[in-house]
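Chemist: Using the sequences plus the hints, can you model the full thing?
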Amino acid sequence: MILYNMRIAMKSLKRSPILSTVIVGGVMLGITVSTIFSTIRHSFAKDPIPHKSSALHYIRLDSWDPLRPYVPEQPTIPPTQITYRDMTALMKSTIPVRQSGMFKSNLWVSLPGGMPGGHGAGGTAAAGSAPDAGPPPDSAKTAASGRAPAIRPERVETRLCFADFFTMFEVPFRYGSGWDRKADTDAAQVVVLSEEENEKLFGGANSVGRTIRIMDRDFKVIGVIDHWRPSVRFYDLTQAFLSAPEKLFIPFTLMPPMQIGTGGNTDGWKSGPSPGFEGFLASETCWLQFWVELPTEEKVHEYEDFLTAYVMEQKKAGRFGRPLNNRVTPVLAWMAEQGVVPNETSAMAVVSLLFLAVCSLNLTGLLLGKFLARAPEVGVRRALGARRIDIFMQHLVECEIVAVIGGVLGLLISLGGLKILNKWMQVVLNRGDLFRIDLPMTLLAIGLSLLAGFIAGVYPAWRICRIQPAVHLKVQ
Amino acid sequence: MLSMRAIKKVYRTDLVETHALSELTLEVGAGEFVAIMGPSGSGKTTFLNVAGLLDGFDEGTYALDGEDVSRLSDNQMSRIRNRKIGFVFQSFNLIPDLDAYDNVDVPLRYRGLPGADRKQRIERALEQVGLSSRRRHLPSQLSGGQQQRVAIARVLAGDPRLILADEPTGNLDSMMSREIMDLLERINDEGTTIVMVTHSSECAERSHRQIHLLDGKVLDAEGPPPLARPRSTASSAGVVAS
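As they're listed, the protein sequences go chains A and B. FYI, this note's numbering numbers position 342 of the first sequence as 1373, with every residue one higher than the one before it. FYI, this note's numbering numbers position 78 of the second sequence as 202, with every residue one higher than the one before it.
Hints are not guaranteed to be accurate.
Stretch-level coverage of chain B by chain A, calculated; a stretch enters the list once three of its residues show a Cβ under 8 Å from a Cβ in chain A [what the hints assert, rightly or not]:
id : segment
1  : 167-178
2  : 200-208
Which chain B residues stay away from chain A? Per the calculated CB distances, all over 10 Å, these [claimed, not checked]:
id : residue
3  : A240
4  : H261
5  : R278
In the DSSO-like style, the derived pairs of lysine-lysine whose C-alpha atoms are separated by at most 30 Å in a straight line are [as the list claims (entries may be wrong)]:
id : chain 1 : residue 1 : chain 2 : residue 2
6  : A       : K1077     : A       : K1450
7  : B       : K243      : B       : K208
8  : B       : K132      : B       : K208
9  : B       : K243      : A       : K1042
10 : B       : K132      : A       : K1045
11 : A       : K1450     : A       : K1301
Bear in mind the hints are in silico, worked out from the structure with no lab data behind them. Ideal Cβ placement from N, Cα and C applies to all residues, glycine included.
Modeler: Put into structure tokens, the structure is as follows:
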């Protein structure tokens, strides 16, 4: 019967094309607006790693100044990052299945001279310099160990992390893989390239085994990441979390010997005992993100106990002068705490849904007029044995078909609208793929269309199914 | 087949009460062909609406095919209309978007018959009224007589026990009227009971019995003839129109 009703509905739509167009247009408008704003909100709020977001936990410790809290207005909030000393100590725990401290830097990268380079390697050297990374190293400009001069150094966003990073965050690989824990221990000069950086340096070829130069050292490429675009850079929410993942990944343990500074935020309240880089590492400066993978509640509790014991021990050593305040926060909770979803996007999504509801209610009048004009036909159908529910369903199906047509058109227009928005985001944030209508959003748009059709059509369909057939038969 | 006892039907507005049927008592036997006549406002259409379960009544009892239909639910009445009653209207009442085939299909859809069964019934009914070649014509592409024949095919496809015809020739010229009356007569010959409201004495004369209504009452009450022809068990195939 549903197919029969759909066929009847299509005939009805053809019978009054102008009215049908107006009704479809109303739904289309409502769906376009609601889909665009819902997609924007969804892009911020969706779970970036749904398989294991509840198992990944961000760690914070309140090692801040005993005399004043980290956030004076909210004294219970600990620093968003941890110190190098604490990270080094926490990495010794065997409770997490995986764990990694990490930070972002901007490092000078080039291809050693004489090696076949990619098409993008030349002519794109960054003109600026970063205080953290310093000026281009001499070795980037001149021969090293008898090699020809390097090709145009360029500053590249690099993440220093531990071997577990790649498995912990389910990073997909096109070629090779991440490094192993031994490489961490050995501070091996290995590098994982992003898809884009591999394209730029090696023209997209399998570059595993090739060499690139980072600062003044040669690094062996051991892996190339496949297309990896988490909706937000959730593993580092301390800054620019809408940006794409970094282009290079190297072992964290190279940081001390290469004296690599951070390109991210640093918050400190007490200098180290000595000046220079060693002093910085020994200071109470919070600059590292730290993640652990704890797959069960038991593991979480065990790790919380471990943190408590660690802090209590540190208190005895004269550190951690503030009340015990450790945080073990899962991904989504951490995103919420960091305000990843702007309040404005939620408000706009709600307003857009209300707009859709208004569109639907306005269509109710048009549909009611259309259906009541068809009362004589309904009278005939009732005389021939149609039940009220048959009439109701026939007309509701017609409403839903109109709504789905409007919804699909609205979805297509939304795709165009979001494409324009993404182009703008590319200019502003260098991220042109942030807003995407994925399967959940497509289903939401279709679901909203059906809901709009129901809201608009339920009353007219109910009215028309209640008519007295005898009254209208003579009119036919 | 149809037994009404002291049926009262009153239409009420804030100011006026109109007694459309007053103590109407009427019997129609199975296989009869009865013509209901009377001036405008005598209650013919109200009688037909009540008889066809398209409208309710205020008092009295009504048994259709031996079943008391006074207190049926809306769904039950729809089921009876679909299975036991066929309607033929003065203005044909075909659905304008649907071609002849699909118009005949309408009551069968609501009966929930399988596709093959529906197809067989539709083709046979259209053949019976001589419109097989016009099955894909829309009502607007058919003459008045052809439209009425499609409406009759719609009735035949459902194989009802009772046909209620409201001025079936009212919109047709005399030649077309004769064709339609021939068709109804042949259907009745197969055993289907027909109750026809008409103003035309020529049409009424072709019925077995005429009942005159006035002011919602039967003017010349006359029981069913003692030898109402029994319903034939044979297929209605063969009621071929010209």
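Chemist: Each hint should be assessed against the structure and marked as holding or not.
Modeler: Going through the hints against the structure:
| no. | hint | in the structure |
| --- | --- | --- |
| 1 | 167-178 | holds (count 4) |
| 2 | 200-208 | holds (count 5) |
| 3 | A240 | holds (16 Å) |
| 4 | H261 | holds (15 Å) |
| 5 | R278 | violated (7 Å) |
| 6 | A/K1077 with A/K1450 | holds (19 Å) |
| 7 | B/K243 with B/K208 | holds (20 Å) |
| 8 | B/K132 with B/K208 | holds (23 Å) |
| 9 | B/K243 with A/K1042 | holds (21 Å) |
| 10 | B/K132 with A/K1045 | violated (44 Å) |
| 11 | A/K1450 with A/K1301 | violated (47 Å) |
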